[in-house]
Amino acid sequence: MRTAQVMAEQDLPGLLIMGIGGTHGVQESLAALLKKHFSVITMKELLENKKEVGKKIQCIFVSEFRPTIDQELLESLPNLKVIGNSGVGVDHLNLKMISNFGVRVTNTPHAVADSTADMGMALMLASARRLVEGSQIAVSPDTNYFAADWLGVEVTRATLGIIGMGRIGYKVAQRARAFEMKILYHNRNRRSQEEEQAVGACYSEMEDLLQQSDFVMLVVNLTPQTEKLIGKKELGLMKPTATLINISRGAVIDQDALVEALQNKTIKAAALDVTYPEPLPRNHPLLKLNNVIITPHIGTATVQATHMMAEEAIANMLSVLNCQPIPSEVFPQ
Amino acid sequence: MEAQELPCVLIDCIGGKHGVYEDHAEFLKERFCLITMKEYLENKNFLGKKIRAIYMWYHKPVINEELLQSLPNLKIVASSGVGIDHLDLSLLSSYGVKVSNTPFIVSTDTADLGMALMLASSRRLVEGHQMAISPDTEYFPADWLGAEVSGATLGIIGMGTIGYKVAERAKAFEMKILYHNRKQRNKEEERAVGATYCKKIDDLLQQADFVMLVVNLTPQTHKLIGKRELQLMKPTAILINISRGLVVDQDALVEALQNKVIKAAALDVTYPEPLPRDHPLLKLKNVIITPHIGSATVKTRHLMKENMTESIQAGLAGLPIPNEVLL
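Residue numbers (the numbering used here), protein chains in the order written: chain A, 1 to 333; chain B, 1 to 327.
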């Protein structure tokens, strides 16, 4: 490497990432993007020379919840200014502890919205039409005919209850409207009349939403207030023909209560992109129920979304380093 | 009303693999004297003269010249679903028998399934589910990605009732919509869904990230998508078929998928259905197949039964037939 290049690279602010490539590292193409703005340092490089390398790190890019941010790490990074999370959920970060170190935290609410809303729609449609079961029948060695009385349920003109009408929830409503769905929503704050009318959504109390919906979709942040938001009581209020879809966080649902509700046919089905933990233990009852679809937390797992998240995180981190207004800072509650 | 006063309608059977649903049969028995194929065959001479309509559910009973010759008073065949490629319309017409289908009632369910298949394929939903529940899974890899539907380009081949409903849904995902059809739709219709007409199918194939087949099966659309068309598609493109299996040259499709000429396929229809159990399409990882469930919802099947009943009643009364299929 030429001296000028080395110098230029060292002028760039130091950014810590988990690693590059493989099953847990940052994608090669994203690492290349990061290298345009930062001197990229992997965890391995940090651990090999904590004292020297630690001083250089001003930012951490957290992707797929890695690297884990603990007290020990923060203590070894005296010049750390900002943690740029890839993704909108920050429930895996101890915001209070990080704030005590004078470090800012940012997330990527814009980049995740379309792909996560798409995933919610994908799960609702797949569950209603029994797509996974159907695909298994279509390829099973035992199949010699397609039964005439094998039926799913309609999505068009059904009632969708959206719990959590933030950016992602609103995009779900926009999509659901095109399916002529009746849309109910529940949120901490009511949206404006224009916003409600634009998607044909009616504000509802939780109980009403649960009782009237054919599909209940969870699109909230995970906070102390939303932990186990859906438990035995809420599941009991839902229609026995209803489907629960979760694209928020596993801990928003009381999982044991969900298993019981599915086994006893209190609700009809569930479609979960998120569970607690991920993955579930291999003997977990949710894995065996045939009215459950589980996907491996892929709400933002597209080439496009991962790039947009990296770009949004980069912009956030640079704004902190350059003392500019920060587009998406998150604060401890 | 005595059973003999009700008009006699031939059905294949009740219940079982392909028969009329038990609860539907209850509804039909209040309006018709239902005669199963088994009952008819046991007493052809007597029953043949009484049968005035055929209620064709899941393409059964099969109608051939022999059957038509033994049903001198047959006035109408009501067929479930919108496809009529399984019927010999000229033959039926030559016997003076009218035909009806159920084109509108299936349209939203079928459009919904087209969207479901596009989303499932693009986001690798079936593969993802298998990973999530597999006994061998210890972690979810970070480098496992699908492709975005929002903002992508959808090419709809066949912009009839169902195709248009697909466009309405896709618009909400901010997709760029191209379409190819025998006739161009009018400007308001195009504007309402943001669709651009491609007079040449090639233009659509070259630009689309998703190609969805929503045509009728006719001699003109038989093997509409073959080796040439697949090669015009992007290597990152996904083919979705909610029309009929024969619209696609299946051997060419297998080859295209194996050679990565296109990225993936999602098929609600194949030829035949089901495919033979050793067919290569069943083994390809980048293929989702569903068992022809485009209109398979409880509500729609009820509405189909009602539509077909109306058509039969109108046909027998000599009134204009709702959903009549004309030659």
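Hints are computed from structural coordinates only; laboratory data are not their basis. Fair warning: this is a prediction, and the values are worked out from it, not measured in the lab. For each residue, glycine too, the CB sits at the ideal point set by N, CA and C. Check the hints yourself; a few may be wrong.
Now the stretches of chain B that chain A is said to cover, found in silico as 3 or more residues with beta-carbon under 8 Å [as the list claims (entries may be wrong)]:
#1 34-48
#2 61-73
#3 195-201
#4 287-300
Selected chain A positions facing chain B (Cβ under 8 Å, derived; list incomplete) [what the hints assert, rightly or not]:
#5 T23
#6 G134
#7 G236
#8 P240
#9 A305
Going down the list of hints, with the structure as the test:
1. With 0 residues having a beta carbon nearer than 8 Å to a beta carbon of chain A, the stretch 34-48 of chain B misses the requirement of three or more and the stated coverage is violated.
2. For the stretch 61-73 of chain B, the stated coverage by chain A is violated: 0 residues have a C-beta nearer than 8 Å to a C-beta of that chain, whereas at least 3 were required.
3. Given as covered by chain A, the stretch 195-201 of chain B fails the check, having 0 residues with a CB less than 8 Å from a CB of that chain where 3 are the minimum.
4. Counting residues of the stretch 287-300 of chain B whose C-beta sits closer than 8 Å to any C-beta of chain A gives 11, which meets the bar of three, so the coverage hint holds.
5. At about 4 Å, the closest approach between the beta carbon of T23 of chain A and any beta carbon in chain B falls short of 8 Å, and the interface hint on this residue holds.
6. For the restraint placing G134 of chain A at the interface with chain B, the shortest Cβ-Cβ distance is roughly 4 Å, inside the 8 Å limit, so the hint holds.
7. Taking 8 Å as the C-beta contact cut-off toward chain B, the hint placing G236 of chain A at the interface is violated, the least distance being around 24 Å.
8. Contact between P240 of chain A and chain B, as hinted, is not supported at the beta carbon level, the nearest pair being about 14 Å apart and thus beyond 8 Å.
9. Interface restraint check: A305 of chain A against chain B, minimum CB-CB distance 6 Å, threshold 8 Å, status holds.
Comparing the model with each numbered hint stated earlier shows that hints 1, 2, 3, 7, 8 do not hold.
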